[in-house]
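**Student:** So you can see what is in the structure, the chains are spelled out below.
2 protein chains.
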Amino acid sequence: MDLQQHIEELNQLVERENYENAAKMLLDLPDADIAELVSELEVDAARRIVTLMEARQQASIFGYLRPAMQAALASGMSRRQLASVFELMDHDERADLYNRLSESERWAVLPGLAHAEREDIRQLASYDEETVGSIMTSAYVTLGADQTATQALDTIRMEAPDVETIYQGYVLDSDRHLVGAVSLRDLLLAKPHERIEDIMVKGVISSHVNDPKAEAARLIARYDLIAIPVINEAGQMVGIVTHDDALDVTEEESTEDQHKLGAVARLTTSLSDATIFSLYRNRVGWLVILVFGNIFSGASLAHFEDLIAQIVSLVFFLPLLIDSGGNAGSQSATLMVRALATADVQAKDWFRLLGKELAVSLLLGLSMALAVSTLGYWRGGKEVAIVVSLTMILIVIVGSIIGMSLPFLLNRFKLDPASASAPLVTTICDGVGVLIYFNVASLLLNIPDA
Amino acid sequence: MDLQQHIEELNQLVERENYENAAKMLLDLPDADIAELVSELEVDAARRIVTLMEARQQASIFGYLRPAMQAALASGMSRRQLASVFELMDHDERADLYNRLSESERWAVLPGLAHAEREDIRQLASYDEETVGSIMTSAYVTLGADQTATQALDTIRMEAPDVETIYQGYVLDSDRHLVGAVSLRDLLLAKPHERIEDIMVKGVISSHVNDPKAEAARLIARYDLIAIPVINEAGQMVGIVTHDDALDVTEEESTEDQHKLGAVARLTTSLSDATIFSLYRNRVGWLVILVFGNIFSGASLAHFEDLIAQIVSLVFFLPLLIDSGGNAGSQSATLMVRALATADVQAKDWFRLLGKELAVSLLLGLSMALAVSTLGYWRGGKEVAIVVSLTMILIVIVGSIIGMSLPFLLNRFKLDPASASAPLVTTICDGVGVLIYFNVASLLLNIPDA
Numbered sequence: 000m001d002l003q004q005h006i007e008e009l010n011q012l013v014e015r016e017n018y019e020n021a022a023k024m025l026l027d028l029p030d031a032d033i034a035e036l037v038s039e040l041e042v043d044a045a046r047r048i049v050t051l052m053e054a055r056q057q058a059s060i061f062g063y064l065r066p067a068m069q070a071a072l073a074s075g076m077s078r079r080q081l082a083s084v085f086e087l088m089d090h091d092e093r094a095d096l097y098n099r100l101s102e103s104e105r106w107a108v109l110p111g112l113a114h115a116e117r118e119d120i121r122q123l124a125s126y127d128e129e130t131v132g133s134i135m136t137s138a139y140v141t142l143g144a145d146q147t148a149t150q151a152l153d154t155i156r157m158e159a160p161d162v163e164t165i166y167q168g169y170v171l172d173s174d175r176h177l178v179g180a181v182s183l184r185d186l187l188l189a190k191p192h193e194r195i196e197d198i199m200v201k202g203v204i205s206s207h208v209n210d211p212k213a214e215a216a217r218l219i220a221r222y223d224l225i226a227i228p229v230i231n232e233a234g235q236m237v238g239i240v241t242h243d244d245a246l247d248v249t250e251e252e253s254t255e256d257q258h259k260l261g262a263v264a265r266l267t268t269s270l271s272d273a274t275i276f277s278l279y280r281n282r283v284g285w286l287v288i289l290v291f292g293n294i295f296s297g298a299s300l301a302h303f304e305d306l307i308a309q310i311v312s313l314v315f316f317l318p319l320l321i322d323s324g325g326n327a328g329s330q331s332a333t334l335m336v337r338a339l340a341t342a343d344v345q346a347k348d349w350f351r352l353l354g355k356e357l358a359v360s361l362l363l364g365l366s367m368a369l370a371v372s373t374l375g376y377w378r379g380g381k382e383v384a385i386v387v388s389l390t391m392i393l394i395v396i397v398g399s400i401i402g403m404s405l406p407f408l409l410n411r412f413k414l415d416p417a418s419a420s421a422p423l424v425t426t427i428c429d430g431v432g433v434l435i436y437f438n439v440a441s442l443l444l445n446i447p448d449a
Numbered sequence: 000m001d002l003q004q005h006i007e008e009l010n011q012l013v014e015r016e017n018y019e020n021a022a023k024m025l026l027d028l029p030d031a032d033i034a035e036l037v038s039e040l041e042v043d044a045a046r047r048i049v050t051l052m053e054a055r056q057q058a059s060i061f062g063y064l065r066p067a068m069q070a071a072l073a074s075g076m077s078r079r080q081l082a083s084v085f086e087l088m089d090h091d092e093r094a095d096l097y098n099r100l101s102e103s104e105r106w107a108v109l110p111g112l113a114h115a116e117r118e119d120i121r122q123l124a125s126y127d128e129e130t131v132g133s134i135m136t137s138a139y140v141t142l143g144a145d146q147t148a149t150q151a152l153d154t155i156r157m158e159a160p161d162v163e164t165i166y167q168g169y170v171l172d173s174d175r176h177l178v179g180a181v182s183l184r185d186l187l188l189a190k191p192h193e194r195i196e197d198i199m200v201k202g203v204i205s206s207h208v209n210d211p212k213a214e215a216a217r218l219i220a221r222y223d224l225i226a227i228p229v230i231n232e233a234g235q236m237v238g239i240v241t242h243d244d245a246l247d248v249t250e251e252e253s254t255e256d257q258h259k260l261g262a263v264a265r266l267t268t269s270l271s272d273a274t275i276f277s278l279y280r281n282r283v284g285w286l287v288i289l290v291f292g293n294i295f296s297g298a299s300l301a302h303f304e305d306l307i308a309q310i311v312s313l314v315f316f317l318p319l320l321i322d323s324g325g326n327a328g329s330q331s332a333t334l335m336v337r338a339l340a341t342a343d344v345q346a347k348d349w350f351r352l353l354g355k356e357l358a359v360s361l362l363l364g365l366s367m368a369l370a371v372s373t374l375g376y377w378r379g380g381k382e383v384a385i386v387v388s389l390t391m392i393l394i395v396i397v398g399s400i401i402g403m404s405l406p407f408l409l410n411r412f413k414l415d416p417a418s419a420s421a422p423l424v425t426t427i428c429d430g431v432g433v434l435i436y437f438n439v440a441s442l443l444l445n446i447p448d449a
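As you go down the protein sequences, you meet chains A and B in turn.
Going by numbering that gives the first Met the number 0, the final residue of the first sequence carries number 449, and the count climbs one at a time with no gaps.
Going by numbering that gives the first Met the number 0, the final residue of the second sequence carries number 449, and the count climbs one at a time with no gaps.
Isolated chain A (complex conformation) (with noise of 0.2 angstroms):
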């Protein structure tokens, strides 16, 4: 299966605006490999090969294609072909497509779908992006607690091609309330006559409309689920979250909490789709917050000027130790916003660990203690070798600790715990180091009087 080759014969057929085979080309591939590769052409090429096949492969395509590229191929379709896509598009993609439309586009489709439709996708389209209710879908299997096993099977034979899965069927009661859920696999287990609610198992493990949508593929990911239902303020169940979309949740908080880490602001498109400004605007409020954090730096210094004119080689040392402050700081700050994250670890945990860090920051200052002596020995002779010696230690000690309970300090005042960035914490060990440096330095080396 090599995109490439297939991307070089589609590219040759659009040329020759052989649209017809093109589409036959393609359609046997896998419908997330055809959106790949439409989504190289230009967008017209795209939409006249797509709408050459079924609405329901169109639908499913539609599905796979970068927010982007999805509103333009949508934007070009007539009335009618854009509303057979979103009736059969899965309802939370259909969704999120709709809010990326164009309040006139918006008035195209409409009119083309039954009420029903129309109330759902209103009411899908109004979650925060950031919640469980933006991920949810509302196609699920609902079966009756009085129905036979038997019954139950033919249920969901009905409703197959409308739902997003099968392999789970939820029981409600009058007032949509879920009272529990059956999966596929114990329904073919069961006797034919056996109920539902005999199978059924009680006390569904559930996900809130309003949480973070995280919290939904936490809980998908902790109890191997294949799908989770959806509760809203009223207790009612109103959609659920699949496996595949906790898989996308989890590369998305990822890429979030990464770009966190490395002080950039959350890029809500691709990085390749990003706009030159976006990228500006996602990197600058970092950059400019952490010159002047520096500032302290700077005067810390300005503090020290005499003794730096005296000795200028101790300059010579100065990106070296507040360097390795600042690295020290960020591998801990790393190890432990990524621990918060996967909740390997909790805000309690602080004061254990601290122990722990003590240690392994005292072993590394130690061993980096002796990597810079020679250096400083060669460089200033034995006392500036004992200064430098010395300060490492304290450095690296103070920058672990640092490091290690900002995303806890963070944590504590309903911060992310990933905005303790590398920079942040190299920034703020660097002011430290500054201090630690210069005073060490003036207490054990002998000044000559200015």
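Worth flagging that the hints you see were computed from the coordinates, not collected in a lab.
Hints may be right or wrong, so weigh each one.
As the list makes no split between identical chains, a pair holds if one copy fits it or if it spans any two.
[As the list claims (entries may be wrong)] Straight-line distance between alpha carbons at most 30 angstroms, and here's what the computed BS3-like set of lysine-lysine pairs gives:
{"hint": "1", "residue 1": "K201", "residue 2": "K190"}
{"hint": "2", "residue 1": "K355", "residue 2": "K413"}
{"hint": "3", "residue 1": "K201", "residue 2": "K23"}
{"hint": "4", "residue 1": "K23", "residue 2": "K190"}
{"hint": "5", "residue 1": "K413", "residue 2": "K347"}
Since chain A is already given, all that's left is putting chain B on it; use the hints.
**Tutor:** Leaving out everything else, chain B in the frame of chain A:
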């Protein structure tokens, strides 16, 4: 579902050695929660409680325990108890557990198992833990091409208790080559007498037993699969990887990448299970390497000794300027590493992205120059303000380009782009920053003769 409450209740029961009631209290909780709760107890108490449960539930709980706890529980169980847990555990999980047992414990388990089970464990346990083979299970449904839909459903019913998922069935030829796959959904929708070979999908997307395990997870995510079949060197189907394993692998890989970005080597355990020495070992390598990297900055500074001695105030801006380059570079590296990891950009995109990076970093450099120019003026007058501002622009651009290019360079040499960690980028940018700063200063400032 408040786990904290359960823990307290559980502790009280254990204190009174009332293991029976403790087991009864846990019985109806999800197995993932039981695993978490018993992990809070002493190993001995945990073992007493778990062994009171049904063998099938014990096996499931084992699957959710952390490796260290698994091995601890197992090593105290009787030969017969352990064999029955082994028999019922998911095949991929029991192979992992087997790998963690001591030689003598292995010999305690194996004789209690049937020959086929022993071979299965040995086979699965033999794959390298970075490969697809290590996360696959050998318990899946195989169907005959000439079966009818009704017969296939009967096969699935029969195999359901022993396989990991019944939602996909696989059709193999007599040499165990994969010729097709049928979802349970399609089976349910098929007419009773339709034959499998007419319903099945051919050209099934599959993964290779020796591929990196992240590859199977990537395919599951890309094609929204419930499971992916795994093929060996001989082209035979040997197992499947399921969606829940893909989710775990995705989390693991993100953790590894984040740690690398923070200059921490791969931890083989979770942070909370890591020993002081293993943490030391995973951090010291990069820290010491970076010390030697920083010697370059020191040497550059030594080169400008006279200039510094004459205008000491230049040093005040040193941390500010070199850190800004490192920060901008870290941002760029972070964005690229993640985009490469998620296949959002590819190696061939470097040149195209370079232009964008230049534009973004020019804007960033100008903004930051604006931020520091007043500071420069205030601290050192007009001339210093010009030097500092110009340096800032250059450093931010050069730092961004370095940070953005390094992941591509590593990728080019078949190294992991995530090794372009914030500390590494910072260290490189610091060295380059020192050179830029003092060269600009030498060129622009009127230096009194020494």
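**Student:** Hint by hint, note whether the structure agrees.
**Tutor:** Against the structure, the hints:
no.	hint	result
1	K201 with K190	within (19 angstroms within a copy, 33 angstroms between copies)
2	K355 with K413	within (25 angstroms within a copy, 35 angstroms between copies)
3	K201 with K23	between (48 angstroms within a copy, 17 angstroms between copies)
4	K23 with K190	between (45 angstroms within a copy, 28 angstroms between copies)
5	K413 with K347	within (14 angstroms within a copy, 41 angstroms between copies)
The structure shown violates none of the earlier numbered hints.
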